[in-house]
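> Counting along the sequence shown from 1, when you hit position 213 you're at 275 in our numbering, and nothing is skipped either side.
Fair warning: there could be bad hints in the mix.
[What the hints assert, rightly or not] No more than 27 Å apart at the CA atoms, straight line, and that leaves these computed lysine-lysine pairs for DSS-like:
| id | residue 1 | residue 2 |
| --- | --- | --- |
| 1 | LYS620 | LYS672 |
| 2 | LYS693 | LYS712 |
| 3 | LYS512 | LYS645 |
| 4 | LYS620 | LYS563 |
| 5 | LYS337 | LYS358 |
| 6 | LYS634 | LYS672 |
| 7 | LYS598 | LYS525 |
| 8 | LYS494 | LYS525 |
| 9 | LYS693 | LYS494 |
| 10 | LYS151 | LYS705 |
| 11 | LYS525 | LYS282 |
| 12 | LYS604 | LYS563 |
| 13 | LYS645 | LYS693 |
| 14 | LYS631 | LYS557 |
| 15 | LYS492 | LYS192 |
| 16 | LYS557 | LYS453 |
| 17 | LYS410 | LYS440 |
| 18 | LYS512 | LYS492 |
| 19 | LYS410 | LYS631 |
| 20 | LYS282 | LYS440 |
| 21 | LYS525 | LYS672 |
| 22 | LYS631 | LYS512 |
[Unchecked claim] Estimated spans, in silico, between C-beta atoms of each pair:
| id | residue 1 | residue 2 | range |
| --- | --- | --- | --- |
| 23 | SER409 | LYS604 | 25 to 33 Å |
| 24 | LYS129 | GLU267 | 43 to 51 Å |
| 25 | GLU345 | LYS440 | 50 to 58 Å |
| 26 | LYS693 | GLU595 | 18 to 26 Å |
| 27 | GLY120 | GLU401 | 36 to 44 Å |
Read the hints as simulated data drawn from the structure, not as lab findings. It should be emphasised that the depicted structure is a prediction, and the values quoted were computed from it without experimental measurement. From the three backbone atoms N, C-alpha and C, an ideal C-beta is built for every residue, glycine too.
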Amino acid sequence: MSVETMQDTRQFLTNKVLLDPRRDEDAGIRKSLSYIAGERVHNPMIYVGMGTCGRIAGAERTFHAIKEYLEDQDANVTLVEGGCVGLCKEEPIVDIQLPGKARLSFGRVSHDQVQSLLDDILNDNLPDAKPPQWQYPNPILQKWEGISTLQEHPFFSGQQRLLMEHCGVIDPVSIDSYIAKGGYWAFIDTISSNTPAQVCGIITESGLSGRGGGGYPAGKKWLAALEAVSDNKYMVCNAVESDPGSYMNRAIIESNPHRLIEAALIASYAIGASKAFIFIREEFSLAIARLEEALKQARDYGITGHHIFDSGVNIEVVIKKGARAFVCGEETALNNSIEGKRAMPTSKPPYPAEQGLWQHPTIVNNVETLYNVPLIMKNGVEWFRTTGTEKSNGTKVFTLSGRLQNYGTVEVPMGTSFRDIVYDIGGGLKSKQDFKAIVLGINTGSYITKETLDTRVDFEELKNIGGALGSGAFVVLDTGVCMVDLARFFTAFFKKESCGKCIPCREGTARMLEIMENATRRPSENNSFQTLERFKGVMQLKSLAGVISETSLCSLGKSSPNAILNTLKHFKQEFDAHIFERKCSANICTDLRIYFIDVDACTGCTACFKKCPVDAIIGSPRYPHYIVQDKCIGCGTCFDVCKFNAVLIK
63 MSVETMQDTR
73 QFLTNKVLLD
83 PRRDEDAGIR
93 KSLSYIAGER
103 VHNPMIYVGM
113 GTCGRIAGAE
123 RTFHAIKEYL
133 EDQDANVTLV
143 EGGCVGLCKE
153 EPIVDIQLPG
163 KARLSFGRVS
173 HDQVQSLLDD
183 ILNDNLPDAK
193 PPQWQYPNPI
203 LQKWEGISTL
213 QEHPFFSGQQ
223 RLLMEHCGVI
233 DPVSIDSYIA
243 KGGYWAFIDT
253 ISSNTPAQVC
263 GIITESGLSG
273 RGGGGYPAGK
283 KWLAALEAVS
293 DNKYMVCNAV
303 ESDPGSYMNR
313 AIIESNPHRL
323 IEAALIASYA
333 IGASKAFIFI
343 REEFSLAIAR
353 LEEALKQARD
363 YGITGHHIFD
373 SGVNIEVVIK
383 KGARAFVCGE
393 ETALNNSIEG
403 KRAMPTSKPP
413 YPAEQGLWQH
423 PTIVNNVETL
433 YNVPLIMKNG
443 VEWFRTTGTE
453 KSNGTKVFTL
463 SGRLQNYGTV
473 EVPMGTSFRD
483 IVYDIGGGLK
493 SKQDFKAIVL
503 GINTGSYITK
513 ETLDTRVDFE
523 ELKNIGGALG
533 SGAFVVLDTG
543 VCMVDLARFF
553 TAFFKKESCG
563 KCIPCREGTA
573 RMLEIMENAT
583 RRPSENNSFQ
593 TLERFKGVMQ
603 LKSLAGVISE
613 TSLCSLGKSS
623 PNAILNTLKH
633 FKQEFDAHIF
643 ERKCSANICT
653 DLRIYFIDVD
663 ACTGCTACFK
673 KCPVDAIIGS
683 PRYPHYIVQD
693 KCIGCGTCFD
703 VCKFNAVLIK
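Take the sequences, apply the hints, and build the full model.
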């Protein structure tokens with residue numbers, strides 16, 4: 063494609079935004095790109111965050127209440143269903159922009175607050191009962207006095223939103239709004255100005271590392287596929303995201319699906335692939351619906367398909383729905399699933415870049431990795447390398463959850479300390495208990511403890527402390543969490559999700575789970591053999607974990623013992639207390655709880671007697687009751703129902 067043709071193509075895309083033949087001809091140039099934040103709007107705009115997190119919080123009821131209000135008032139207002147800005151704690155979030163003024167964001171807007179909110183704001187008055195959370199500043203728009211900007215909000219001030227710059231801002235199913243923000247221009251420039259080898263070189267030089275957890279250089283992987291000789295090559299986007307505690311990929315797809323399509327197109331061109339698959343969990347219904355709509359729009363605009371913009375480039379993008387299986391996060395198992403086979407990993411080498419889908423060279427990248435690609439191609443290598451650290455460039459997206467004040471999806475520059483994320487962006491712990499650890503994804507089993515809290519988000523620094531960055535889960539724990547019970551949960555998860563192909567993973571995880579369950583269960587008083595088995599299993603646990611890690615077929619099996627190994631490394635005293643003292647300091651392991659009744663405090667109200675599910679409490683009305691320890695299952699029902707604090711835990 064010549065420079066003139068490229069310019070014509072970009073002008074064509076721009077004209078597509080400004081002139082829409084499907085609209086009334088008398089309208090001429092579109093008067094309102096009202097769903098694009100920061101633009102002048104000629105009519106008021108109301109934008110409701112309708113991502114999955116918002117819908118769970120009640121955004122659908124809020125949206126319909128706004129729609130009914132506008133219909134009743136016959137108001138000339140644009141109402142848009144959008145994505146998630148990231149601060150899930152404040153959902154449902156409603157943005158309102160009046161002509162000539164900056165866009166305002168209101169948090170936790172329930173359906174019954176809609177009328178009073180709109181009565182005030184549509185009459186140019188800030189509501190006293192529900193002040194805005196922040197505003198989007200713009201030099202051409204009037205700023206609201208006394209309202210902080212998005213960048214000044216504590217949750218956003220420490221972030222650098224590159225991948226999420228449009229999340230919660232544009233209409234996710236409007237290709238016009240994406241193009242107006244510069245979307246698809248990186249792809250047009252790439253296929254017109256660069257050869258596939260040059261694109262691979264740019265990505266290699268940028269230092270972009272895979273964000274799926276392994277941190278493998280993306281450019282190196284692409285170049286291997288480009289150099290492989292084959293009549294067919296494939297590009298695969300891994301959007302499975304089955305790691306518990308992680309939903310950032312789903313959130314950014316729901317909020318900006320066109321970015322993923324553009325990234326898949328550039329990656330396909332770079333490796334010489336004519337077909338790209340976006341492999342996504344079938345349960346992600348909203349993300350799939352928005353992807354399908356975005357893909358249809360891209361086809362209608364001629365951005366995908368055959369002979370794209372007369373360039374000779376042919377790329378088809380296909381959405382492939384898959385199961386929730388955790389093993390599909392492994393690239394060879396994912397490829398098998400796309401082929402219609404059982405999702406089971408295969409040994410490597412050969413790697414997918416050499417022999418992947420249908421024995422042809424295939425590149426598998428996760429969503430976050432690909433979202434970086436259009437930005438690098440648009441802004442250049444040096445721009446990308448200015449963000450992050452010397453060896454870890456760019457940003458990292460996390461899903462903040464657990465015992466934090468603020469939770470949601472965040473994007474921070476590489477090099478940000480975990481302490482800053484917890485106490486600045488996350489707002490600190492919401493309980494009065496002390497910080498205990500951060501879990502960086504179940505697939506890594508890595509813990510950031512008090513001693514390592516000042517570690518930075520950096521591949522090398524985490525490797526130096528024996529950890530890994532993971533795919534993006536960021537679960538904050540306080541001292542009320544039992545680490546042994548958490549390790550047991552992780553082990554149970556891996557046992558359930560094991561594909562069963564290799565013996566170390568299939569049998570090893572089952573044996574580890576048996577040992578962990580014995581560690582969190584109180585043995586029978588008179589069963590000395592059970593006690594012996596308990597100690598024997600614990601003594602074998604570390605060596606068993608080592609064997610599984612070394613001999614499992616795929617990376618998921620190899621990582622299955624990490625949670626146990628890291629618990630033994632960082633929280634051995636808790637493990638010892640469970641084994642030797644039969645105590646859980648957090649009182650989480652119900653089988654280790656011993657409940658008893660203080661006879662001086664007990665009034666004989668019979669509340670505990672009536673609620674005990676196993677009839678382990680005896681006593682008469684108005685007289686102290688007693689707990690039969692041999693029958694007690696440690697459920698804690700008696701503790702919960704007692705109004706006189708007579709039930710205690712030993």
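> For which of the previously enumerated hints does the structure constitute a violation, in increasing order of number?
1, 6, 7, 8, 9, 10, 16, 17, 19, 21 and 25
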